[in-house]
Amino acid sequence: MRAALAILRKDLRIEWRTKESLSSLIVLGVLLLVALAVAYDPTPETAPTLAPAVLWATFVFTGLLGIQRGFLVERENDCLAGLLGAPIDPAAIFAGKLAANLVLLAAMQAIVVPLVGLFLHVDLAASVGGLLVVLLLGNLGFAALATLFAAIAVRTRAREVLLPVLLLPLLVPLLIGAVKATEHVMTGGLAGARDALGVLVAFDVIFTVAGWLLFTYVVRD
Amino acid sequence: MAAPPIRAEKVVRRFGGVAVLAGVDLTVEAGELVVLLGANGAGKTTLLRVLATLLRPSDGRLELFGVDVRLRKAETLRRVGYVGHESACYPDLTGAENLAFYAGLYDVPDAATRVAELLTWAGLDGAARRPVRVYSRGMQQRLALARAMLHAPDLLILDEPFSGLDPAGQTALDARLLALRTAGHAIVLSTHDVARAAPLATRTVVLHGGRIAWSGAGAADPVVLARTYDDLTRGRS
Chain Y
1 MRAALAILRK DLRIEWRTKE SLSSLIVLGV LLLVALAVAY DPTPETAPTL
51 APAVLWATFV FTGLLGIQRG FLVERENDCL AGLLGAPIDP AAIFAGKLAA
101 NLVLLAAMQA IVVPLVGLFL HVDLAASVGG LLVVLLLGNL GFAALATLFA
151 AIAVRTRARE VLLPVLLLPL LVPLLIGAVK ATEHVMTGGL AGARDALGVL
201 VAFDVIFTVA GWLLFTYVVR D
Chain X
1 MAAPPIRAEK VVRRFGGVAV LAGVDLTVEA GELVVLLGAN GAGKTTLLRV
51 LATLLRPSDG RLELFGVDVR LRKAETLRRV GYVGHESACY PDLTGAENLA
101 FYAGLYDVPD AATRVAELLT WAGLDGAARR PVRVYSRGMQ QRLALARAML
151 HAPDLLILDE PFSGLDPAGQ TALDARLLAL RTAGHAIVLS THDVARAAPL
201 ATRTVVLHGG RIAWSGAGAA DPVVLARTYD DLTRGRS
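Protein sequence lines correspond, in order, to chains Y and X.
The numbering of the first sequence is this note's numbering, which starts it at 1 and goes up by one.
The numbering of the second sequence is this note's numbering, which starts it at 1 and goes up by one.
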């Protein structure tokens, strides 16, 4: 746990200093949001059904970029060798990177989510509690899977293409669950989202445990 | 009797079917400084990365301090320090922050004092608060060496440690390696600088074609060593 916290602190310090990932994520997130809002031009009636899909499509594409960048930090100067040679469980590297990715996603969403309300004319104030629960569960599953696959992709030459190709098919259950849960939360509250939240919880458990157990095999040659 | 820091038996490492290491047998005792020579592509870096547990052997047996490397025991890794071709230091952290980060991972006691001590040894006091991104190649190499020595490892594995160092840095490293060797630490280093390596070595090993082609005990005569090395790497022996 101490090693995971050290890696989290190190990643956040680098991000605080460079602001490279967060600024890219926010810019891309806002651009995607504007493009989708302009393309669909939703009415107040259609907005609650459209907003969840726009929201999660934006998160997935921006999140992919941010999580990939998180591993490029380890590739520069072969820093990953420094971590792998240290007397720590490789699972602690996974936990540290996962935690850093969750912080990054949350920071990006703190900017993008209010803009969704603005551009798509959705009243988010009424559903903010439920929305936070869905975002938390969706982010954990997405970040766990993406962290694991980013560790694989970063060692390949075609990493920019490989990560989405590997990740997107596996993300389908999470995306369906997250979009449905968000839609329920925006239209009726958390109670109606129970089944979709169940999918998210199951996805989170499976891929967090899988990442924890498999990370050691994917990062070592 | 304590187990040797390194015991490698018929270690093979393949990349896509090509055996870069084709059965290396090497035992390194405490207090030994083994200099590894070999032409480009001989397998030096691969062997050092295998010894540092960064690459898994495809075949054969490798023990560090009597423990099979496949177990990756934290107590074993804590006794190993490694410097590769790159510094393993984060460019956007300062030199001091990098060392402090690794000191945390290795549970170095009184880390702040140890970091300051090694920054002074590396001649990086003045640059300690600057990001590594602005360091020269030589400064990065000094920092990498300081990082590898941070936890006072019993086994130091160095891949071309003199590369990028200025004469003062090379002399400081010579002195440090000799002091560590005398104190009973085991050191394995690769180099192409035969003249510099010869006086340091308790044993010299030439790697050729993924195997140990020649091994000589003691601080070899640099001229003889250079000729042997040249013969082997040109394939005349």
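Wrong hints could be hidden among the right ones.
Result set (EDC-like, lysine to aspartate or glutamate): computed pairs, CA atoms no more than 16 Å apart in a straight line [to be verified]:
(1) X/LYS10 <-> X/ASP68
(2) Y/LYS180 <-> Y/GLU160
(3) X/LYS73 <-> X/ASP25
(4) Y/LYS19 <-> X/ASP92
(5) X/LYS73 <-> Y/ASP195
(6) X/LYS10 <-> X/ASP25
Quick look at which bits of chain Y chain X covers, simulated, 3 or more residues with Cβ under 8 Å [claimed, not checked]:
(7) 69-77
(8) 81-88
(9) 120-131
(10) 194-201
For each label pair, taking beta carbons as the anchor points, the in silico distance ranges come out as [unchecked claim]:
(11) X/GLY16 <-> Y/LEU115: 43 to 49 Å
(12) Y/ALA110 <-> X/ALA112: 49 to 55 Å
(13) X/SER58 <-> Y/ARG75: 19 to 25 Å
(14) X/ALA112 <-> Y/MET1: 21 to 27 Å
(15) X/VAL12 <-> Y/LEU115: 52 to 58 Å
(16) X/VAL134 <-> Y/ILE176: 45 to 51 Å
Hint data in this document are derived by calculation from the structure and do not stem from the laboratory.
For clarity, every value in this text was computed on a predicted model and none was experimentally measured.
Don't be surprised by glycine CBs; every beta carbon is placed ideally from N, CA and C.
Practice prompt. Give me the numbers of the hints this structure contradicts, sorted from smallest to largest.
Written response: Numbers 2, 3, 5, 9, 10, 12, in rising order.
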